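Chains as they are written, first to last, in our numbering: chain A, 203 to 506; chain B, 73 to 721.
It should be emphasised that the hints constitute simulated quantities derived from the structure, not laboratory data. Just so you know, nobody snuck in bad clues.
Some chain B residues near chain A, calculated using beta-carbon distances under 7 Å:
hint, residue
1, R94
2, L97
3, L98
4, F99
5, V234
6, P237
7, V260
8, G264
9, E360
All values derive from a computational prediction rather than experimental measurement. In this text, a Cβ means the ideal position worked out from N, Cα and C, and glycines have one as well.
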Amino acid sequence: MTVALLAGAPRADATAHSSVAIVKSSSIPPFEQAIGAFVSVLREQKRQPEILTFDLEGDAANGPSVMTKVKDANPTVVVAVGSLATAAALADSSSLPIVFSMVLYPALSGFTDAGPHPVTGVSLDIPDAEVFRKLRQVLPKARRVGVLYHPDETGRLVEAARKAATAHGFEIVAESVAEATPLAVMDRIARTVDVLWSVADSHVFTPQTTSALILSALRHGVPLVGLSVAHVRAGAMAAFFCDHEEIGRQTAAVTLRVLGGDEPRSIPVGQPKSVRLALNLRTVRHLDLELSPDIEADAAEVFR
Amino acid sequence: MSLCVALSAEGTLHAADPTQQRELLLFEDVPITAAAKRPQKQSDAAASVTVVTREEIRRFGYRTLGEALRAQRGLYVSYDRNYTYLGVRGFLRPGDYSNRVLLLVNGHTLNDDIFQSGYFGYDFGIDIETIERIEIIRGPHSALYGGNALFAVINVITANAVSRPGVTVAVETGSFERKRGYVSGGHVFRNGLEVFAAGSVIDLDGHDELFYREFASPQTNDGVAEDADGEKAINLHVNARYGGFSLQGGANRRDKTIPTGAYDTVFNDRDTETQDGRYFGELSYTHELPGAVTLDGRAYYDGLRYKGRYPYPGEEGRQVLSDLGVSHWLGGEIRGSRQFATTHRVTVGSEYSYHPRAHQRADDSDGTVYFTDSQEFGSWGIYAQDEWSVLPSLTITAGGRFDRFYDSDDELTPRAGAVWSPLERTRFKVLYGRAFRPPNLYEQYYADGVTNLPNPALRPERITAYEGIVEHDASQSTQLIASVFHYRMKNLIEQTIAGESDDRLIFRNTTSAEATGAELELRTAIVGGVHGRAAYSIQDVQIDDRWATNSPRHLGSVGLLFPLRFRVEGGIEALVLSGRKTLAGRSTGTQVIPNLSLVARELYPGLKLTAGFYNFLNQPYSDPGAAEHVQDKIQQDRFTYLVGVRYSF
Numbered sequence: 203m204t205v206a207l208l209a210g211a212p213r214a215d216a217t218a219h220s221s222v223a224i225v226k227s228s229s230i231p232p233f234e235q236a237i238g239a240f241v242s243v244l245r246e247q248k249r250q251p252e253i254l255t256f257d258l259e260g261d262a263a264n265g266p267s268v269m270t271k272v273k274d275a276n277p278t279v280v281v282a283v284g285s286l287a288t289a290a291a292l293a294d295s296s297s298l299p300i301v302f303s304m305v306l307y308p309a310l311s312g313f314t315d316a317g318p319h320p321v322t323g324v325s326l327d328i329p330d331a332e333v334f335r336k337l338r339q340v341l342p343k344a345r346r347v348g349v350l351y352h353p354d355e356t357g358r359l360v361e362a363a364r365k366a367a368t369a370h371g372f373e374i375v376a377e378s379v380a381e382a383t384p385l386a387v388m389d390r391i392a393r394t395v396d397v398l399w400s401v402a403d404s405h406v407f408t409p410q411t412t413s414a415l416i417l418s419a420l421r422h423g424v425p426l427v428g429l430s431v432a433h434v435r436a437g438a439m440a441a442f443f444c445d446h447e448e449i450g451r452q453t454a455a456v457t458l459r460v461l462g463g464d465e466p467r468s469i470p471v472g473q474p475k476s477v478r479l480a481l482n483l484r485t486v487r488h489l490d491l492e493l494s495p496d497i498e499a500d501a502a503e504v505f506r
Numbered sequence: 073m074s075l076c077v078a079l080s081a082e083g084t085l086h087a088a089d090p091t092q093q094r095e096l097l098l099f100e101d102v103p104i105t106a107a108a109k110r111p112q113k114q115s116d117a118a119a120s121v122t123v124v125t126r127e128e129i130r131r132f133g134y135r136t137l138g139e140a141l142r143a144q145r146g147l148y149v150s151y152d153r154n155y156t157y158l159g160v161r162g163f164l165r166p167g168d169y170s171n172r173v174l175l176l177v178n179g180h181t182l183n184d185d186i187f188q189s190g191y192f193g194y195d196f197g198i199d200i201e202t203i204e205r206i207e208i209i210r211g212p213h214s215a216l217y218g219g220n221a222l223f224a225v226i227n228v229i230t231a232n233a234v235s236r237p238g239v240t241v242a243v244e245t246g247s248f249e250r251k252r253g254y255v256s257g258g259h260v261f262r263n264g265l266e267v268f269a270a271g272s273v274i275d276l277d278g279h280d281e282l283f284y285r286e287f288a289s290p291q292t293n294d295g296v297a298e299d300a301d302g303e304k305a306i307n308l309h310v311n312a313r314y315g316g317f318s319l320q321g322g323a324n325r326r327d328k329t330i331p332t333g334a335y336d337t338v339f340n341d342r343d344t345e346t347q348d349g350r351y352f353g354e355l356s357y358t359h360e361l362p363g364a365v366t367l368d369g370r371a372y373y374d375g376l377r378y379k380g381r382y383p384y385p386g387e388e389g390r391q392v393l394s395d396l397g398v399s400h401w402l403g404g405e406i407r408g409s410r411q412f413a414t415t416h417r418v419t420v421g422s423e424y425s426y427h428p429r430a431h432q433r434a435d436d437s438d439g440t441v442y443f444t445d446s447q448e449f450g451s452w453g454i455y456a457q458d459e460w461s462v463l464p465s466l467t468i469t470a471g472g473r474f475d476r477f478y479d480s481d482d483e484l485t486p487r488a489g490a491v492w493s494p495l496e497r498t499r500f501k502v503l504y505g506r507a508f509r510p511p512n513l514y515e516q517y518y519a520d521g522v523t524n525l526p527n528p529a530l531r532p533e534r535i536t537a538y539e540g541i542v543e544h545d546a547s548q549s550t551q552l553i554a555s556v557f558h559y560r561m562k563n564l565i566e567q568t569i570a571g572e573s574d575d576r577l578i579f580r581n582t583t584s585a586e587a588t589g590a591e592l593e594l595r596t597a598i599v600g601g602v603h604g605r606a607a608y609s610i611q612d613v614q615i616d617d618r619w620a621t622n623s624p625r626h627l628g629s630v631g632l633l634f635p636l637r638f639r640v641e642g643g644i645e646a647l648v649l650s651g652r653k654t655l656a657g658r659s660t661g662t663q664v665i666p667n668l669s670l671v672a673r674e675l676y677p678g679l680k681l682t683a684g685f686y687n688f689l690n691q692p693y694s695d696p697g698a699a700e701h702v703q704d705k706i707q708q709d710r711f712t713y714l715v716g717v718r719y720s721f
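When you get a sec, could you build the whole thing from the sequences and use the hints?
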């Protein structure tokens, strides 16, 4: 466990002292990017809050002891980066306000349910409407959208996405991996849909299955919208992703509102304001797809 | 086998509650292979791994596999105007056949069964254009792969119909009347069948004149070898996949004229040449079973055809000695891998190969047979490995392999490693391994009575190696690697002069070799699309307590990939080798070899122009000669260039 004290410049008004405890799940680069941007915004403030940083080092078992240290520091607000840190903060018995950040599917994880903690945050969830709007731009003629999922993990998510899909002229064809391996399900579904959409389900995407699923989609000749730029680099046709520093800045804006007196529960959970597109043009050529020139021009990451 | 490389940030999923770290799926890498014979992240592999990507191969303008490897940490090459030999961590003996490195193509062994050679020049058999990436796994790996994996396993992954769809054609010209043509085609059919094929031809006239002062006399054309450096090669590679079945195969032939007068041949005689050819076919099948069980099986058939023509000044006039090495063999491997209780990943496997007739022969143009030998043998191995996740941050790998080679000789090789990640971005690896190399058939039996004597009593070489590695991801795009290593070899097989009054060559087990060294490497993305890498290694290799020949104490390389304007991208690198000791005890001197490559992309859709400028400062440099050379040092090419056009559709 590590504790780092980051003191701001001398404060103009010592009586308006506030402090922010950043509790990070680990120090992986995406979290650090978001935290870096978060801290930069706070340091631009006229009244800079004190910033303390705590690290769970990727181990949930560190949660209780870290939160004890957090409570001892008596922060004004806890900023939890990542699901591990958010869960640890919510499990704590205190009623410290919590702003979570860099979390995927917070509602599914129960992070937004009413509890002792006033909680809000900024998630990594790209709105379903945005996903299918962009998908319609990339693939104007597609209709059937396949998705692999496990009912226990992302079943609710898939069901909730149907409405947004329908609004953009898509039909979701969801196949569960509860009774068969992801590759077997992929073999079953791939030929019956126009595009495959990925949800972050750990029953579907594992170190052993991820590259195989991407290759399987290619072999079946069906475009796959992956989870990340890494997936696109590995052969997925496209992915929608957000900028981690932007998430950090959005989190800072929410945190400043809480520090300013806003009740966290009154602040809706934020989602990424800008959604970017990654494209693999080799895959596009392989699939014999015609993309609008605007799509390629607007893509933030292009792999040739 | 296929391998994918981890290129972006790490993430660690705890198995306890999948909801707790779901966002990490967005940050996960897409995995790699050969270190454990299964897909795993490069950072998790209990090995020192480097992956050379297709992008690097193209943008640095590498012409051969050897050029791509010599720019990597701890590796270097020697070229004797016939073959390119690979040195690893300061070890490359004159007269070696690069048989202490195991060379694979998509997991299939390319080392042959007579010379156990790895091929790193135009004799490799796979055109550089067909290579998708190169995996370098340093250290002894006989515990998984059997013999010859002493210093490294090099796994070359080729393109396939998925990674390289459509048709690609390329033509090149350049120094030495270079002519190269390449074509490939890949297609995925509606039923899921994938087919890829690639072929190339290369024709180099070589130097018009090569001067060797050792032959500077009127009887030997005043030391000038004229038009005696030509090289031609033709390569074919195919692969296909359907469901869990994969098929791959290849065939190649490479002809090289030898200008050095090696093996006491007639100097400046254009009939001095070698022809090398390899062919292989492999069918494999992978099946995933419930319970995280993976089964792999493969069957293969391989062949070698080597021919050498060596003109000698016979008593009754010039005679041409013909060497022949012809063999074919078949074999198979089955392997199973299973995850137990989330903490153990166990891999077991067995391999067998049958060599019905590994044949060597030497005769002359009069029909006199000086030597003929055929060997029939089988070799098999059985191996097992366990990767145990002791803690979320600590994984211990242990394994071993038992081999019976040549039907009668046994070797047991263990391997162990620990990968500890106390910090998210830092990994410590401690590695131990033993490996062996059986004496090859050439070393044991070749005896033409003119230049070579046999030694069937040769014993296998054995190596024990220890290594400590630190890997640190300073940022998403910056990685630092530092390692220290120590290895000891016993029963080193070397080509020596038979005796004071007998200058014929014989292979013997010399006493021992020992080396200690350290390596540093930095790979980073700099601003504006610039990527850089730098590597440095220092090693002290002692053979019989003396500094080894052809062993640089210092190796360094620096490379930059950078964008220019007008869709042009550049790659520049500099390779530095400190002086190497020759057989005569002299030094080759420090060498700095700078290369520049330019690529103009998409001037027209699918069209790319390339230009390469090698040793662009025109520096003279040499590699140490071997016992078969009169020359103590073999001069290398100074400035050379190439230009090419590549079109894909």
